[in-house]
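K.L.:
Given next are the chains, with one letter for each unit.
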Amino acid sequence: MSRPDATAGTDDSTDSADEPLISLENVEVHFEKEQGLLDLFEEPDVVRAVDGVSLDIQENDVLVLVGESGCGKTTLGKTMIGLQRPTGGSVKYRGRDIWETKAGNTDLSFDEIRSSLQIIHQDPGSSLNPNRRIVEILSEPIRLTHPGVSAGERRERIYSLLERVGMTPAHDFADRYPHQLSGGEKQRVALSRALLMNPDVILADEAISALDVSLRVEMMDLMLDLQDDFNTSFVFVSHDLSNARYFAEHGDGRVGVMYLGNLVEVGPAERLISEPQHPYTEVLRWATPNLALDATEAGEPPMRKIDIPDPINPPSGCRFHTRCPKARTACPKEQPELETHGDRHLVACFRSDEDHEYWDSPEIED
Amino acid sequence: MTIESQQLTGADEVEDPILEIKNASVTYDGGDTHVLNDVTFSIERDEIVGVVGESGSGKSMLASAMLDAIPAPGRLSGEILYHPDEDTTIDVLNLSDEELRSYRWADVSMVFQGAMSSFNPTMKVGSHFKDTLRAHDEDVSEGMDFARQLLSDLYLDPERVLDSYPHELSGGMQQRALIALSMLLEPEVLVMDEPTAALDLLMQRSILMLLEDLKEKYEVTMVFITHDLPLVASLADRMAVLYAFELVEAGPRDQIIGQSGHPYTRALLNSTPNIDAPLEDMKPIPGKSPAPVNVPDGCSYADRCPLASEECTAFDPEFQLIEDEHSVACHHWEQARAEIALNFAGADEIGVSKGGDSR
Ligand SMILES: Nc1ncnc2c1ncn2[C@@H]1O[C@H](COP(=O)(O)OP(=O)(O)OP(=O)(O)O)[C@@H](O)[C@H]1O
Ligand code: SF4
Ligand code: SF4
Ligand SMILES: [Mg+2]
Numbered sequence: 001m002s003r004p005d006a007t008a009g010t011d012d013s014t015d016s017a018d019e020p021l022i023s024l025e026n027v028e029v030h031f032e033k034e035q036g037l038l039d040l041f042e043e044p045d046v047v048r049a050v051d052g053v054s055l056d057i058q059e060n061d062v063l064v065l066v067g068e069s070g071c072g073k074t075t076l077g078k079t080m081i082g083l084q085r086p087t088g089g090s091v092k093y094r095g096r097d098i099w100e101t102k103a104g105n106t107d108l109s110f111d112e113i114r115s116s117l118q119i120i121h122q123d124p125g126s127s128l129n130p131n132r133r134i135v136e137i138l139s140e141p142i143r144l145t146h147p148g149v150s151a152g153e154r155r156e157r158i159y160s161l162l163e164r165v166g167m168t169p170a171h172d173f174a175d176r177y178p179h180q181l182s183g184g185e186k187q188r189v190a191l192s193r194a195l196l197m198n199p200d201v202i203l204a205d206e207a208i209s210a211l212d213v214s215l216r217v218e219m220m221d222l223m224l225d226l227q228d229d230f231n232t233s234f235v236f237v238s239h240d241l242s243n244a245r246y247f248a249e250h251g252d253g254r255v256g257v258m259y260l261g262n263l264v265e266v267g268p269a270e271r272l273i274s275e276p277q278h279p280y281t282e283v284l285r286w287a288t289p290n291l292a293l294d295a296t297e298a299g300e301p302p303m304r305k306i307d308i309p310d311p312i313n314p315p316s317g318c319r320f321h322t323r324c325p326k327a328r329t330a331c332p333k334e335q336p337e338l339e340t341h342g343d344r345h346l347v348a349c350f351r352s353d354e355d356h357e358y359w360d361s362p363e364i365e366d
Numbered sequence: 001m002t003i004e005s006q007q008l009t010g011a012d013e014v015e016d017p018i019l020e021i022k023n024a025s026v027t028y029d030g031g032d033t034h035v036l037n038d039v040t041f042s043i044e045r046d047e048i049v050g051v052v053g054e055s056g057s058g059k060s061m062l063a064s065a066m067l068d069a070i071p072a073p074g075r076l077s078g079e080i081l082y083h084p085d086e087d088t089t090i091d092v093l094n095l096s097d098e099e100l101r102s103y104r105w106a107d108v109s110m111v112f113q114g115a116m117s118s119f120n121p122t123m124k125v126g127s128h129f130k131d132t133l134r135a136h137d138e139d140v141s142e143g144m145d146f147a148r149q150l151l152s153d154l155y156l157d158p159e160r161v162l163d164s165y166p167h168e169l170s171g172g173m174q175q176r177a178l179i180a181l182s183m184l185l186e187p188e189v190l191v192m193d194e195p196t197a198a199l200d201l202l203m204q205r206s207i208l209m210l211l212e213d214l215k216e217k218y219e220v221t222m223v224f225i226t227h228d229l230p231l232v233a234s235l236a237d238r239m240a241v242l243y244a245f246e247l248v249e250a251g252p253r254d255q256i257i258g259q260s261g262h263p264y265t266r267a268l269l270n271s272t273p274n275i276d277a278p279l280e281d282m283k284p285i286p287g288k289s290p291a292p293v294n295v296p297d298g299c300s301y302a303d304r305c306p307l308a309s310e311e312c313t314a315f316d317p318e319f320q321l322i323e324d325e326h327s328v329a330c331h332h333w334e335q336a337r338a339e340i341a342l343n344f345a346g347a348d349e350i351g352v353s354k355g356g357d358s359r
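The listed protein sequences derive, respectively, from chains S and Z.
One point on numbering: in the UniProt record's numbering, the residue at position 182 of the first sequence is 182, and numbering is uninterrupted.
One point on numbering: in the UniProt record's numbering, the residue at position 342 of the second sequence is 342, and numbering is uninterrupted.
Chain S extracted, bound-state conformation (with noise of 0.2 Å):
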């Protein structure tokens, strides 16, 4: 199998002193799932939910992944923040392998990383005590960064935290539970849990997918002034295209779309929007809603088959050619690499060569 090794979005990526705060290479991340004693002689199933992913993120910096559910951006995502181990590839923090942190061969101390490394859930509810107050719940994260701070400076720390997400009086939000929240709160309460941890990245995996539509501006408004007050980097996760458009408009960020566990196209989001490359990036445009009446139907989709593959055994050569609607007999032979188209755009498909063997072999039918 190829492996695409393109540094995505980083122009200087070769200036060592400038070094990211992530680099992924050649990341994957397999799956083996359980078996019944019956199939002990037989192959484990193997999913193959990250695949080769090469990627690096900078100081504040914006990434958001998006692709459908079960295409890998949550795995992809939890791997870049050591909340999951590759089974293949590396993962470097400032320079330092994670996971060889984590085992003690390296000068940081895994702790660190760890606080640097947040993130915040779909389903705010389930991450937080229902037990406990807010304001317990904040204390923690200053407990962990700040032991000496007293009591009374880490209420005053959390009240003008809760005032500037929005939660006020702050008083009154600090001594409720969790169930007394609603769901955009609770999320703000993630939120500012996870900055009180001084982070430098922070996954927000479908962070806003849970809320209503006319919520989600505001809460990425929220997100990305927080990240210029504290110096954050964010890795957004989504599947909608509107989203992704808004949060990574912002600070000049890139989208990077993901199918089968690659990453198939990656570019600023209003070019990628705009001038899509890749036809699963197209699909992904055809599935978002549009509110210009000349638009708003959506017509037949452009892809051959509504449901995404197993993950178990994907398509051989390029992933997306059982449902492609541009595919041809050469797409499943091999896989297109990740590569250069234009400025800070990356696409994996055979289309952007015009001298492959792809043009001249015959359309796949079904």
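Certain hints may be false.
[To be verified] The calculated EDC-like cross-link candidates involving lysine to aspartate or glutamate, where the alpha carbons are at most 20 Å apart (straight line), are:
#1 LYS283(Z) <-> GLU249(S)
#2 LYS305(S) <-> GLU212(Z)
#3 LYS283(Z) <-> GLU185(S)
#4 LYS283(Z) <-> GLU363(S)
#5 LYS288(Z) <-> GLU249(S)
#6 LYS283(Z) <-> GLU318(Z)
#7 LYS305(S) <-> ASP157(Z)
#8 LYS288(Z) <-> GLU218(S)
#9 LYS215(Z) <-> GLU300(S)
#10 LYS217(Z) <-> GLU300(S)
#11 LYS33(S) <-> GLU168(Z)
#12 LYS326(S) <-> GLU363(S)
#13 LYS124(Z) <-> ASP97(Z)
#14 LYS288(Z) <-> GLU185(S)
#15 LYS283(Z) <-> GLU218(S)
#16 LYS305(S) <-> GLU159(Z)
#17 LYS305(S) <-> GLU44(Z)
#18 LYS288(Z) <-> ASP172(S)
#19 LYS283(Z) <-> ASP221(S)
#20 LYS305(S) <-> ASP153(Z)
#21 LYS288(Z) <-> GLU163(S)
Just so you know, these hints were derived from the structure itself, not from any lab.
Knowing the structure of chain S, use the given hints to seat chain Z with the ligands on it.
P.N.:
Using the frame of chain S, we list chain Z with the ligands on its own:
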């Protein structure tokens, strides 16, 4: 808000209603908590209507009202009239238990919010279909043939799906199987409460496309209820907007999107992330919607509305017809249209030039 408009107002303008909801209210706590407030709305035969509203606005209450299935101990008042054909009227709130059971599957069928929990995890999908057929004294083998037809209409492999446990299917497959199940007794109306909310956008859009095909093929009237206005806008013929347990606007899709008269509808349109509106024009709606025990006098939207006047806090705006088939509950709808600009291309231009570039 006080209930003062007992007369039938604007929304009742459809020509051949299949379902009429008249002055429907739902209360809890012995009448102290209003979670649906005097909603009057008709559903036209063979249309797809989209009902939108934010979380807690009463969407599920409205859906349940249509089937007389308000969760206990809620109390539903008003009238629900079902017209199997133009000349027949069935008073749903006065059906016997037995009649109601048949009405809920064979006449007006429902796909509930949180579909994954609608399947029994210990039963194969096929057994759910068979049980439903038996419970309604239908011919099982004939019914299963139709089930297979429905499943393949929804781009599923019928044998595989029927022979699977729910958890063996992806979320999108489960949801489509559930839609097939709700169509099993060939209902005239399909009411869907957030049928796609837990799915990724690509699957949501694919399901919408399939629903449109189903509607054509089986001539079923559809009610699609969601918080996601842009999503349902791509499917609906007509739309209705709920705010704080009341209907604030209803009309043809293009009117609601391009020419809405209620400040809330316009704010909602501007607050949704959009694929080509300028980013700086996407604005959240300030403030919060009122809690069910605390609905203010006058217009419920007044404390968030940029156009609120003294009239607004003193008098409930009546739900009135402002033009063909288009009703709005707002004292200042003309001003809203003139002063609250919409942020996407083509808005406010229908009737003038179609899909022009207002940017
Ligand atoms: N069993 C109940 N007893 C009392 N109040 C209830 C009950 N169920 C719902 N409510 C209240 O009724 C109001 C309307 O609820 P409903 O479920 O119809 O909202 P919704 O618009 O469907 O919201 P969502 O988008 O979150 O599903 C809410 O304020 C809710 O808290
Ligand atoms: S390589 Fe072939 S199958 Fe893959 S996206 Fe390009 S055209 Fe489609
Ligand atoms: S009636 Fe008044 S407060 Fe209510 S929406 Fe209209 S202008 Fe705003
Ligand atoms: Mg609901």
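K.L.:
Check the hint pairing LYS288(Z) with GLU163(S) against an upper bound of 20 Å on the C-alpha distance.
P.N.:
Measuring from Cα to Cα gives roughly 16 Å; hence the hint holds.
K.L.:
Within 20 Å, alpha carbon to alpha carbon, are LYS124(Z) and ASP97(Z)?
P.N.:
28 Å, violated
K.L.:
With a cut-off of 20 Å on the C-alpha distance, tell me whether LYS288(Z) and ASP172(S) pass.
P.N.:
Given pair LYS288(Z), ASP172(S) holds - Cα atoms ~16 Å apart, limit 20 Å.
K.L.:
Between LYS305(S) and GLU44(Z), does the CA-CA distance stay at or below 20 Å?
P.N.:
Violated. LYS305(S) to GLU44(Z) sits at ~33 Å, over the 20 Å cutoff.
K.L.:
Is the Cα-Cα distance between LYS288(Z) and GLU185(S) 20 Å or less?
P.N.:
12 Å, holds
K.L.:
Is the straight-line distance between the alpha-carbon of LYS283(Z) and that of GLU318(Z) 20 Å or less?
P.N.:
28 Å, violated
K.L.:
Is the Cα-Cα distance between LYS288(Z) and GLU218(S) 20 Å or less?
P.N.:
Within the cut-off at roughly 12 Å; holds.
K.L.:
Decide if the proposed pair is consistent with the structure: LYS283(Z) and GLU185(S), CA atoms, cutoff 20 Å inclusive.
P.N.:
18 Å, holds
K.L.:
Sort out whether GLU218(S) lies within 20 Å of LYS283(Z), counting only the CA atoms.
P.N.:
Status holds; Cα separation ~8 Å.
K.L.:
Mind checking the alpha carbons of LYS215(Z) and GLU300(S) for me, to see if they're no more than 20 Å apart?
P.N.:
Given that 20 Å is the threshold and the Cα spacing comes to 16 Å, the pair holds.
K.L.:
Taken at face value, is the distance from the CA of GLU363(S) to the CA of LYS326(S) at most 20 Å?
P.N.:
Since the Cα atoms of LYS326(S) and GLU363(S) sit roughly 7 Å apart, the hinted pair holds (cutoff 20 Å).
K.L.:
Tell me if the straight-line CA distance from LYS217(Z) to GLU300(S) falls inside 20 Å.
P.N.:
17 Å, holds
The earlier numbered hints that this structure contradicts are 4, 5, 6, 13 and 17.
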